[in-house]
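There are 2 protein chains.
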Amino acid sequence: MVDVAILGYGTVGSGVVEVLTKNEESINKKAGKKIKIKYVLDLKDFPGSPIEDVLTKDYDTIINDPDVKVIAEVMGGVEPAYTFVKKALLNNKSVVTSNKELVARHGAELLKIARQRDINFLFEASVGGGIPIIRPLNQSLTADEIYEITGILNGTTNFILSKMADEGLDFNTVLKEAQDKGYAERNPEADVEGFDACRKIAILSSLAFGMHVDFEDIYTEGITKVSDLDMAYAKKLGYDIKLLATSKKKNDKVYAMVAPTMIGGEHPLSNVNGVFNAIFVKGNVIGDVMFYGKGAGKLPTASAVVADMVDAVKHIKRNIVSFWSTKKMELMDINEVLSRYFIRVTPQSRKEAHDTIGTIFGDVDYVKIDEAKEEMAFVTPEGTEGALKDQVEQLKAHKDMIDVISVIRIEK
Amino acid sequence: MVDVAILGYGTVGSGVVEVLTKNEESINKKAGKKIKIKYVLDLKDFPGSPIEDVLTKDYDTIINDPDVKVIAEVMGGVEPAYTFVKKALLNNKSVVTSNKELVARHGAELLKIARQRDINFLFEASVGGGIPIIRPLNQSLTADEIYEITGILNGTTNFILSKMADEGLDFNTVLKEAQDKGYAERNPEADVEGFDACRKIAILSSLAFGMHVDFEDIYTEGITKVSDLDMAYAKKLGYDIKLLATSKKKNDKVYAMVAPTMIGGEHPLSNVNGVFNAIFVKGNVIGDVMFYGKGAGKLPTASAVVADMVDAVKHIKRNIVSFWSTKKMELMDINEVLSRYFIRVTPQSRKEAHDTIGTIFGDVDYVKIDEAKEEMAFVTPEGTEGALKDQVEQLKAHKDMIDVISVIRIEK
Numbered sequence: 003m004v005d006v007a008i009l010g011y012g013t014v015g016s017g018v019v020e021v022l023t024k025n026e027e028s029i030n031k032k033a034g035k036k037i038k039i040k041y042v043l044d045l046k047d048f049p050g051s052p053i054e055d056v057l058t059k060d061y062d063t064i065i066n067d068p069d070v071k072v073i074a075e076v077m078g079g080v081e082p083a084y085t086f087v088k089k090a091l092l093n094n095k096s097v098v099t100s101n102k103e104l105v106a107r108h109g110a111e112l113l114k115i116a117r118q119r120d121i122n123f124l125f126e127a128s129v130g131g132g133i134p135i136i137r138p139l140n141q142s143l144t145a146d147e148i149y150e151i152t153g154i155l156n157g158t159t160n161f162i163l164s165k166m167a168d169e170g171l172d173f174n175t176v177l178k179e180a181q182d183k184g185y186a187e188r189n190p191e192a193d194v195e196g197f198d199a200c201r202k203i204a205i206l207s208s209l210a211f212g213m214h215v216d217f218e219d220i221y222t223e224g225i226t227k228v229s230d231l232d233m234a235y236a237k238k239l240g241y242d243i244k245l246l247a248t249s250k251k252k253n254d255k256v257y258a259m260v261a262p263t264m265i266g267g268e269h270p271l272s273n274v275n276g277v278f279n280a281i282f283v284k285g286n287v288i289g290d291v292m293f294y295g296k297g298a299g300k301l302p303t304a305s306a307v308v309a310d311m312v313d314a315v316k317h318i319k320r321n322i323v324s325f326w327s328t329k330k331m332e333l334m335d336i337n338e339v340l341s342r343y344f345i346r347v348t349p350q351s352r353k354e355a356h357d358t359i360g361t362i363f364g365d366v367d368y369v370k371i372d373e374a375k376e377e378m379a380f381v382t383p384e385g386t387e388g389a390l391k392d393q394v395e396q397l398k399a400h401k402d403m404i405d406v407i408s409v410i411r412i413e414k
Numbered sequence: 003m004v005d006v007a008i009l010g011y012g013t014v015g016s017g018v019v020e021v022l023t024k025n026e027e028s029i030n031k032k033a034g035k036k037i038k039i040k041y042v043l044d045l046k047d048f049p050g051s052p053i054e055d056v057l058t059k060d061y062d063t064i065i066n067d068p069d070v071k072v073i074a075e076v077m078g079g080v081e082p083a084y085t086f087v088k089k090a091l092l093n094n095k096s097v098v099t100s101n102k103e104l105v106a107r108h109g110a111e112l113l114k115i116a117r118q119r120d121i122n123f124l125f126e127a128s129v130g131g132g133i134p135i136i137r138p139l140n141q142s143l144t145a146d147e148i149y150e151i152t153g154i155l156n157g158t159t160n161f162i163l164s165k166m167a168d169e170g171l172d173f174n175t176v177l178k179e180a181q182d183k184g185y186a187e188r189n190p191e192a193d194v195e196g197f198d199a200c201r202k203i204a205i206l207s208s209l210a211f212g213m214h215v216d217f218e219d220i221y222t223e224g225i226t227k228v229s230d231l232d233m234a235y236a237k238k239l240g241y242d243i244k245l246l247a248t249s250k251k252k253n254d255k256v257y258a259m260v261a262p263t264m265i266g267g268e269h270p271l272s273n274v275n276g277v278f279n280a281i282f283v284k285g286n287v288i289g290d291v292m293f294y295g296k297g298a299g300k301l302p303t304a305s306a307v308v309a310d311m312v313d314a315v316k317h318i319k320r321n322i323v324s325f326w327s328t329k330k331m332e333l334m335d336i337n338e339v340l341s342r343y344f345i346r347v348t349p350q351s352r353k354e355a356h357d358t359i360g361t362i363f364g365d366v367d368y369v370k371i372d373e374a375k376e377e378m379a380f381v382t383p384e385g386t387e388g389a390l391k392d393q394v395e396q397l398k399a400h401k402d403m404i405d406v407i408s409v410i411r412i413e414k
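Protein chains in written order, with our numbering: chain R, 3 to 414; chain P, 3 to 414.
Looking at chain R on its own, in the form it has when it is part of the complex (with noise of 0.2 Å):
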């Protein structure tokens, strides 16, 4: 038998105590002990609950028990989680967690103190939720030097994209019906700032690069800005937007980028919808390959911190090596990255500005839809980010007689 704590009986602590409960049998099979939860760590109370008896409110009591090996973090936010998780690895406690903002701030020093110690800093479900991502990346695609990691990683997000792009409905619409399901939060900037998706592909790049990527060096940008007539373009081009964070080598650097971004058809990310997420690795051997599933909720979440609750019971004492080092990886420049721009404009006069679309940007592409007679949009050839922001500053600069609306990225 093995003693466990799980700390915060939220939506995720409880159910991981609803997945230990529920699949008890099958789970202790696979761990190859009985896993017992003794403690659950949580400030408020829970009377008639499940969890009424082993319920604590401090965690110096945990701490202190040489019985309990494993501890799930399921408290989520930097602080007091990350002193607690130190401090139980310190004290040769496996932990797992599925706290991103904790794995993409801290994850290289803990998985240190972690490899140091022979015990185990698991984080399958900080990112994709249930999907299992992680484990692959650090056991399965052992054979290839991964160039790309390019992920659906924000279910809110897909969700809200998703539906204006179905239901030709605007931004705040959609939104406003998200927080009435529970998808979004009331306060939904970490989701749709792109914020969320950023700590997750900072936690992916570094597991498949092997150095410390900080997130806050990851350019950002959300989706608020992305209306019901950029949809409608996409779709008259074959494209769907996607939230996309992503991450490749290129000649021994690495960029990464969160930004909405037009996908064709036939990309296998574009088919993801809805609340689901995926993640689309690129290897030099094994070439493409896609995990998806749900990327969020109670359970699939809790199925993820479970399953790392096994394999930290059957690797008591033995350290699962991964790759992350705390040395930090120096991002390349993003203005050198190569792209193409679609770009939304409303001109007071077409020909004039025809022409100085022309001379900025050279030959575009242009696009046109029922919806939007009046506006002017176009494709434009492939450059690097530097130049082409360069060109949208120029456009701007012309507002007398050209106002630009909407600037989306186009993956290649």
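Worth flagging that the hints you see were computed from the coordinates, not collected in a lab.
Heads up, the beta-carbon is just placed ideally off N, CA and C, and yes, glycines get one too.
Each statement offered as a hint is correct.
According to the in silico footprint, chain P covers these stretches of chain R (three or more CB under 8 Å from chain P):
#, region
1, 27-35
2, 131-137
3, 140-152
4, 292-303
On the provided structure of chain R, position chain P as indicated by the hints.
Here is chain P on its own, set in the frame of chain R:
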């Protein structure tokens, strides 16, 4: 340093050598030790090839070399692979293999030998080529009770069906093109009759449900009868036709089947096209997850073989647990499975045929396409396979007035 041997220098074997050479540095880092190819076994000579110096025709040299800790069997076929692999395991050498025939037939026994000797028998490459599926099933989805696995497990047939759908071509034309391109064998039976997919779903089912599923018990139907008109009807109905290998648990009973099946455009598997494979898994906690990638080919397959070699090297003298007992699983009678059929007939008299169809099947949904105005086609209500087959027989009995052209299942 760990010495390894490779049995077979065909497509996959040469791919394994290529991958080990190409990514030598990162592979050795992930394995924690240098992997050295000490022997390649093949009956042919390969003068001037990179493995000339390590080539041997004598298996006993390998088996009697105490330095060889890991053997990759990539010859294919049951014999002599089975004899070689068993001997290797009995000599305490871990074995990794890409050989689905071997694994489907003898997997349970070989896993047992490996377990008893604290070594490993790994076979990620035997299903889905490079797609990580065996390891995720064994190690990631451990919190779940899996109740469905449905896969597109054969790239050749998926290429053929995708091309028929996209270009309106008939089976034989596309098969010939696939053969010319090297996507299909000169003798394509194993692929197009579903035998290959059958072995793979047997392996996945055995792992997911923990008992030995005998591939010979699995109902298997190939794609040779699927016509361009069937494709046109499917499109009209909003479906794709895919060769699905499926295994589902219902009320503690499991059934498994390989058959061309119509699936809706919303199903993630419907977007898996060309030579790509995908495995869709349902768990009672995680919900739906899918794994996607190249299901065959020299380098993707070699990627999985080498990833297994890395794992075997990391786990010398330590068995990686999997749950596939030698106990045989009695599958549920397929006649009890619920299904809907799509049926095409050529009637002598439409009125009479209409009445007969109504009498036999009850309330069916008719569907019409311009390409086949003289036909009648319909979708039956849901019924058991047993009942539906009976009804088709009854219909066929009216052969003076109705000619049954085509019967295809519809995924619910």
